[in-house]
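The chain contents come next:
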Amino acid sequence: MSANDARGGGVNRRELLKLVGAASAGTLPLGAAAACDEQQKQAPAGDAKPVGSPGAPRYGFFNFEEVLFVEAAVDMLIPADEVGPGALELGVAFFIDGQMSSGYGRGDRMYLQGPFIEGTPEQGYQLRMTPAELMQAGIKDVDAYCREKYHASFHDLASSDRNAVLHGLEAGTATLTTVPAQVFFNLLYELTLQGYFSDPIHGGNYGKGSWKMLGFPGIGGMYADKITEYRNKRYTADPVGIQDLT
Amino acid sequence: MTSKLQPVDIVIVGLGWAGAIVAKELAATGLKIVAFERGPPRATSPDFLAPQVHDELRYWNRHELIQNLRKETLTFRNHPAQTALPMRQLGAFWPGEGVGGAGTHWSGLTWRWLEWEHKMYSGTVAKYGRQIIPADMNLQDWPVDYHELEPYYDKFEKSCGTSGKAGNLRGKKIDGGNIFEGPRRYEYPNPPLKQNYNMVLFERAARNLGYHPFPVPASNASRAYVNPDGVVLGPCHYCGFCTAYGCEADAKASPHFTLVPLAHKNPSFELRTNSLVMKVNLDSTRKRAVGVTYLDALGRELEQPADLVILAAYVFGNVHLMLHSGIGKPYDYETNTGVVGRSYAYQSGAGVGALFSRDTFFNPFMGSGALGTWVDDFNGDNHDFAKSGYIGGGGLEAGSNSGTPIGHHPTPPGTPRWGSAWKKAVQDTYQRSVGIGGQGSVMAYRQCYLDLDPTYKDAFGRPLLRLTFDWQENEKRLMQHQTQIAAEVAKEMGAEQVFARREMARHFSIVPYQTTHNTGGAVFGDEPHNSAVNKYLQSWDVANVFVVGSSAFPQNAGRNPTGPTGALAYRLAATLKETYLKRPGPLVQA
Chain G
41 MSANDARGGG
51 VNRRELLKLV
61 GAASAGTLPL
71 GAAAACDEQQ
81 KQAPAGDAKP
91 VGSPGAPRYG
101 FFNFEEVLFV
111 EAAVDMLIPA
121 DEVGPGALEL
131 GVAFFIDGQM
141 SSGYGRGDRM
151 YLQGPFIEGT
161 PEQGYQLRMT
171 PAELMQAGIK
181 DVDAYCREKY
191 HASFHDLASS
201 DRNAVLHGLE
211 AGTATLTTVP
221 AQVFFNLLYE
231 LTLQGYFSDP
241 IHGGNYGKGS
251 WKMLGFPGIG
261 GMYADKITEY
271 RNKRYTADPV
281 GIQDLT
Chain X
11 MTSKLQPVDI
21 VIVGLGWAGA
31 IVAKELAATG
41 LKIVAFERGP
51 PRATSPDFLA
61 PQVHDELRYW
71 NRHELIQNLR
81 KETLTFRNHP
91 AQTALPMRQL
101 GAFWPGEGVG
111 GAGTHWSGLT
121 WRWLEWEHKM
131 YSGTVAKYGR
141 QIIPADMNLQ
151 DWPVDYHELE
161 PYYDKFEKSC
171 GTSGKAGNLR
181 GKKIDGGNIF
191 EGPRRYEYPN
201 PPLKQNYNMV
211 LFERAARNLG
221 YHPFPVPASN
231 ASRAYVNPDG
241 VVLGPCHYCG
251 FCTAYGCEAD
261 AKASPHFTLV
271 PLAHKNPSFE
281 LRTNSLVMKV
291 NLDSTRKRAV
301 GVTYLDALGR
311 ELEQPADLVI
321 LAAYVFGNVH
331 LMLHSGIGKP
341 YDYETNTGVV
351 GRSYAYQSGA
361 GVGALFSRDT
371 FFNPFMGSGA
381 LGTWVDDFNG
391 DNHDFAKSGY
401 IGGGGLEAGS
411 NSGTPIGHHP
421 TPPGTPRWGS
431 AWKKAVQDTY
441 QRSVGIGGQG
451 SVMAYRQCYL
461 DLDPTYKDAF
471 GRPLLRLTFD
481 WQENEKRLMQ
491 HQTQIAAEVA
501 KEMGAEQVFA
511 RREMARHFSI
521 VPYQTTHNTG
531 GAVFGDEPHN
541 SAVNKYLQSW
551 DVANVFVVGS
561 SAFPQNAGRN
571 PTGPTGALAY
581 RLAATLKETY
591 LKRPGPLVQA
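Each protein sequence line maps, in turn, to chains G and X. Quick note, my numbering runs 40 ahead of the 1-based positions in the first sequence. Quick note, my numbering runs 10 ahead of the 1-based positions in the second sequence.
Worth double-checking, as some hints may not be accurate.
Claimed, not checked - Selected chain X positions facing chain G (Cβ under 10 angstroms, derived; list incomplete):
1. Arg72
2. Gln77
3. Gln92
4. Gln99
5. Gly101
6. Gln205
7. Tyr207
8. His247
9. Gly413
10. Tyr440
11. Asp480
12. Val521
Everything labelled a hint here was simulated from the structure, so no lab data went into it. Since this is a predicted model, take the numbers as computed values, not measurements. Glycine included, each C-beta is placed from N, C-alpha and C at the ideal position.
Let the sequences and hints guide you as you build the complete structure.
Pasting the structure below:
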């Protein structure tokens, strides 16, 4: 049973989030969406600060409905299990939130001049939306899609239905109102992987959890005297991130 | 209104490998030289120091050192009947921006192209006759041969501290080096890098199959090295943050520290960063350049008069400036006439993924940009074109570049893209999976070219460059062949499972990153009807404009273009010093 199943039913998490949000001057503290259930106990791992402490991550971009969607979606894409940590507990939703208000999210290195014409797949992305605009439009679209099909928001669906929705977006069989389903899914998917695997300095990968799972020693390695010695021998080291060396 | 500055002797546009070599080689002349770089200044300290430079998201995924498309991009289509659309996000290739250009973020593979790769037309016709060449293929020789370039290849290797092993010293073939290479006067300046486990397996398997493996020539210094100019390089740490990153150890040669400081030894050299050259200005005859117009960091438009203009931007920048400035006759696909934009080529890539038993540990995070063992037996013309069914060739390689997990988390085919099963496969595969693959040549074709887009403009109001390119039958057969050989080698290495790394593409796509090895568009040659510049890289039409870079290559090879780009830049500097500057004018009569 995934963490989501544990917290999916029963509690009106949206109402709770409104309260939490109001209490923290419009931003959501770490684990806000999980504060209503057992999730909180396992969520902040490693480097994470306790909820409410100074310096603890906050949602600075997403509104509470977007938070609910993103947390539920990343938890489906990379769930916690016996192999390793899930995206939710590694702070991937916070990572995505931070990316949305970064230069990247605002399209600072994209060509966004018209005319905008639908091209072939080989010609690549041709929408006039920045990643942040696409993300917000896509979340609204998916919410509408879920309400129409399941009479509930994505995060309130049973795990099997959430799974079906994501597969429908991935395959393009689910039709969204504003944005092409696959384009939205791929953005969400890429950001989830980036938040899961990137250096913790960007807000995800708490405690270098994914690096520990893989056996990736991080960013400080100098292997001139090891590359020959470790031929066909597993090299292990406690992973090092940017913050560990600054 | 445009302000006009005091005239200078020479303007260099772009400060990557080509521009920096020319600036450095001309330093002793004391001439007034201004180099324009569209991006910011860059220095190893503080720009490339760890730990901040070891950030995969920032450098690999967010392209910190790469061209900013908001300002300049190109449009793309697969064939001339399509409407080209802008490249809105970076994909297939990563042109550099900033001092050092793509030289700051390259991998370091430093090839001398094979003798045949400088004479693809005559070499092919001599062996197979003209009938083997498809009607739409612009197969063309270089106007200089390998032997004439050999001293310049040597100079570039010595400047870069290239680590490798000779396979042909003055005609004597040496086992363990590339026996297919042209004769070289000297050994590499540094010994090969250390092999990881993957390379050991590959070398053994390749030998078992009768091939001739050798270490990839790498400008990642295998030991501390002082180059002939007194610049200190290396040694390489095998840190696994090389391609797409700057190097904090100065082990990966890059113009920002191997060349630019030496250009500054000329007190009359000036580097203007964050300065974008908009166009080359011609006089009323259109036969002579009078300088360039550029935008400074504040966006002011300034005119810099100069006696000599050297275009040393990336392939696309050189061709774009020529077309936008009216230098040379633009290529016209319909009539198959004109030369600027003609004979653009990309490069193909093919190979397999190989999964080994669970007691195998490759430690993929230990590596350097160019670390690899290579086989050239099917590259160049080292195989039978008639039998293989295509012209050209490809190299095959196993190496260790990086294990950073956003980009490197391979899974076998059939694995879901997400969920618990995906995570289990990622974890299970990380240590025991490698890629066996390589680069393939791409010939030039009538229907693959560069011209100006009729619709889209850059941030400064200039028409975007338009790229028309697709894989042709010849290259599809090459990629198929390369994949098949890679699979055989992987099996011989003892892989449990071997699979194609990506579906054989029917069409070239601008979306996934493939390679930054673009060539052509301002090809050099002996005939004004099929080349934009003469054998000295001088414009046939505007004699005080020279155009240097891989834009000069008439077609692409199955190996990296930086070696010959460096050699051509050294040769251009020699031409200018020994000939042109003494008596400016056309060096070849059209």
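* Asked: Checking against the hints above, which ones are violated?
  -> Of the numbered hints given earlier, the structure breaks none, since each of them holds.
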